[in-house]
Amino acid sequence: MAVKNKKLNLKDKYQYLTRDMAWEPTYQKKEDIYPDESFEGIKIVDWSQWEDPFRLTMDAYWKYQAEKEKKLYAIFDAFAQNNGHQNITDARYVNALKLFLTGVSPLEHAAFQGYSKVGRQFSGAGARVACQMQAIDELRHSQTQQHAMSHYNKHFNGLHDAAHMHDRVWFLSVPKSFFDDARTAGPFEFLTAISFSFEYVLTNLLFVPFMSGAAYNNDMATVTFGFSAQSDEARHMTLGLEVIKFILEQHEDNVPIVQRWIDKWFWRGFRLLSLVSMMMDYMLPKKVMSWAEAWEVYYEQNGGALFKDLERYGIRPPKYEDVANEAKHHLSHQLWTTFYQYSQATNFHTWIPTEEEMDWMSEKYPDTFDKYYRPRYEFLAKEHAEGRRYYNNTLPQLCQVCQVPTLFTEKGDATKLSHRQIEHEGERYHFCSEACCDIFKDEPEKYVQAWLPVHQIYQGNCEGGDVETVVQNYYHINIGEDNFEYVGSPDHKRWQFIKGMAPQQKGDDQAEKTVQKPNAA
Amino acid sequence: MLKRAGPVTHKNNKVMIMSVNALYDYKFEPRDKVENFNGMQLVYVQWAGHLMFCAPFALLVKPDMSFRALIDDVLKPAVAAHPQSVKADFLEAQWELNGESFTPNADASLVDNGIDHKSMLVVTTPGLDGMFNTGY
Chain Y
1 MAVKNKKLNL KDKYQYLTRD MAWEPTYQKK EDIYPDESFE GIKIVDWSQW
51 EDPFRLTMDA YWKYQAEKEK KLYAIFDAFA QNNGHQNITD ARYVNALKLF
101 LTGVSPLEHA AFQGYSKVGR QFSGAGARVA CQMQAIDELR HSQTQQHAMS
151 HYNKHFNGLH DAAHMHDRVW FLSVPKSFFD DARTAGPFEF LTAISFSFEY
201 VLTNLLFVPF MSGAAYNNDM ATVTFGFSAQ SDEARHMTLG LEVIKFILEQ
251 HEDNVPIVQR WIDKWFWRGF RLLSLVSMMM DYMLPKKVMS WAEAWEVYYE
301 QNGGALFKDL ERYGIRPPKY EDVANEAKHH LSHQLWTTFY QYSQATNFHT
351 WIPTEEEMDW MSEKYPDTFD KYYRPRYEFL AKEHAEGRRY YNNTLPQLCQ
401 VCQVPTLFTE KGDATKLSHR QIEHEGERYH FCSEACCDIF KDEPEKYVQA
451 WLPVHQIYQG NCEGGDVETV VQNYYHINIG EDNFEYVGSP DHKRWQFIKG
501 MAPQQKGDDQ AEKTVQKPNA A
Chain A
1 MLKRAGPVTH KNNKVMIMSV NALYDYKFEP RDKVENFNGM QLVYVQWAGH
51 LMFCAPFALL VKPDMSFRAL IDDVLKPAVA AHPQSVKADF LEAQWELNGE
101 SFTPNADASL VDNGIDHKSM LVVTTPGLDG MFNTGY
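Just so you know, the protein sequences line up as chains Y and A, in that order. With the UniProt record's numbering applied, the first sequence covers 1 to 521. With the UniProt record's numbering applied, the second sequence covers 1 to 136.
Source of the hints: derived by calculation from the structure; they are not laboratory data. Here a beta-carbon is modelled for each residue, glycine too, at the ideal position from N, C-alpha and C. A few of these clues could be false.
[As the list claims (entries may be wrong)] Ranges of calculated distance between the beta carbons of each label pair, as one might list FRET restraints: (1) A:Gly127 <-> Y:Val487: 47 to 55 Å; (2) A:Leu91 <-> Y:Gln86: 41 to 49 Å; (3) A:Gly127 <-> Y:Ala234: 54 to 62 Å; (4) Y:Glu425 <-> A:Gly127: 38 to 46 Å; (5) Y:Lys154 <-> A:Ala80: 21 to 29 Å.
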């Protein structure tokens with residue numbers, strides 16, 4: 001038989017691709033093949049209504065991604081050969097990368113695992129294909145981020161063991177537990193959590209600051225990664241919106257379930273992003289925009305329009321968004337002063353912002369910075385100058401749900417700590433907020449088993465009873481190199497040498513790290 | 001497959017607690033039960049209005065330790081970095097235990113004071129309310 005048109009167009013290709021994965025089973029029941037699809041209570045009436053917004057086929061995908069990879073690695077090579085790390089604005093910037101590599105890149109890998117899993121669990125072939133494509137993207141992002149930053153590992157401390165640290169270090173349990181929570185949920189909650197709440201609603205608050213921050217601070221490697229991931233991220237965001245609309249359109253019973261997930265994952269994402277807030281305002285020597293400005297643009301304006309659009313499905317904006325909106329004036333400052341006092345237990349350095357930086361913050365935070373936070377930094381700077389650099393030597397209480405120390409203040413009163421506690425089945429639990437307490441009350445069985453780093457140290461499960469042993473042996477943070485104050489740190493001295501401001505340090509071979517640590521990649 | 005028609009609610013401590021939706025009987029031991037702390041217990045202490053300490057302290061203590069020892073041997077070293085700590089008289093201060101006003105017996109043990117595992121203590125020192133009028 002003569003074939004008129006040998007070459008299939010993209011739509012046909014996609015149809016063939018997904019049709020072949022969507023056969024009707026004959027000797028097994030559908031619910032046995034997809035056992036995870038119904039237990040969350042989400043009702044899907046007609047999977048054929050799923051519209052893949054991209055209809056990307058595998059061959060087109062490979063070709064396109066391969067081209068991007070080629071360009072990306074060519075730039076990494078050039079960056080390394082030209083000692084690109086010497087051109088960044090200031091070595092303090094590298095601390096943002098340390099946070100990213102230990103806090104975010106492992107999440108890309110967790111997302112890869114999560115999408116691989118749910119890519120098996122839907123009986124709709126379109127949703128399965130979309131999840132599998134995203135899984136491959138996420139794996140690529142995890143790898144390329146590690147490669148982008150591995151050059152820095154040769155020249156700066158704290159980047160040598162990111163995956164290990166992600167599993168163990170106290171503040172990294174915040175991102176880790178966030179994703180563990182999502183991955184242990186059912187497939188529809190996972191998509192609501194990651195595709196919608198994180199990728200669609202909040203991801204701009206992570207990627208824009210990091211990638212623009214990289215560009216502003218002359219980090220060519222990371223900014224190139226950002227460009228390479230951008231088209232993937234656009235696809236992921238579109239998927240996130242498609243997912244939520246599809247679920248909501250399928251059955252009205254889905255609405256209250258999805259609303260509860262949106263409430264939960266908005267808040268969990270907001271707490272996770274508090275780490276980004278301090279990165280934006282404090283860790284970028286050349287600032288892009290303030291956290292408050294980013295929150296206004298990417299959440300209050302864009303999110304506001306989104307939730308207006310979702311109103312017709314019966315969805316309202318996330319509960320407690322008023323708390324998050326008000327917190328934009330305080331968040332980064334409260335986070336940074338926390339990390340400042342616990343720098344003995346972090347793989348990155350902290351410091352007092354410079355006079356110019358404080359003026360920038362006064363301008364960006366006219367109602368809060370001079371009133372609450374500037375006096376604190378002036379006090380801490382004086383303490384440091386007099387030989388009493390402040391470290392808090394007692395471990396903090398952690399929130400049972402988000403695992404951030406209970407450091408946030410009440411809405412409308414920045415002098416009062418926000419704290420909630422309840423008793424559940426004879427045990428006491430503590431929370432940073434009403435919102436985290438609500439999340440616990442919805443699913444206590446999940447959070448009673450939380451691996452809280454502070455309690456684990458006290459139970460004797462972290463190779464030692466004192467902070468120093470835990471930090472060195474259990475976290476693999478090299479004491480005196482990776483942690484403590486930035487000023488006077490080996491990173492600082494090396495940078496001064498690179499910039500010709502200080503003599504070479506003894507034993508510091510050409511201002512490079514003398515001991516090659518295991519590569520971050 | 002274990003399926004639940006709707007959220008199972010029961011009253012516990014006057015809060016409505018729901019239950020997780022799971023594929024199987026999802027039940028786990030709380031990870032921070034007192035028996036996991038090798039004879040010790042946790043207690044959290046917050047010095048109200050002193051945000052120089054970013055969060056309440058999480059302290060590992062002996063349950064039979066006296067309240068006075070908690071103050072002298074544990075709390076005082078923990079707050080020593082604060083300029084107001086030298087003036088603070090914690091035994092004559094106002095205390096809250098798990099959200100209720102509380103008068104500690106300095107020479108009784110923590111347990112005999114009703115300070116059980118993972119209890120939260122908040123102390124307010126009248127006249128000492130932190131630095132810069134911001135509760136720092």
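Could you check the hint for me, namely that glycine 127 (chain A) and valine 487 (chain Y) are 47 to 55 Å apart, CB to CB? Once the Cβ atoms are compared, 35 Å apart, the range 47 to 55 Å for valine 487 (chain Y) and glycine 127 (chain A) is violated.
If you check the beta carbons of glutamate 425 (chain Y) and glycine 127 (chain A), does the distance land in 38 to 46 Å? This hint holds: roughly 41 Å between Cβ atoms.
Using the Cβ atoms, figure out if lysine 154 (chain Y) sits within 21 to 29 Å of alanine 80 (chain A). Roughly 40 Å apart at Cβ, these two residues miss the hinted range, so it is violated.
Holds or violated: the 41 to 49 Å window for the beta-carbon distance between leucine 91 (chain A) and glutamine 86 (chain Y)? violated, 58 Å
Is the distance from the Cβ of glycine 127 (chain A) to the Cβ of alanine 234 (chain Y) consistent with 54 to 62 Å? Since the Cβ atoms of glycine 127 (chain A) and alanine 234 (chain Y) sit about 58 Å apart, the hinted range of 54 to 62 Å holds.
Violated hints, in rising order: 1, 2, 5; the structure is consistent with all others.
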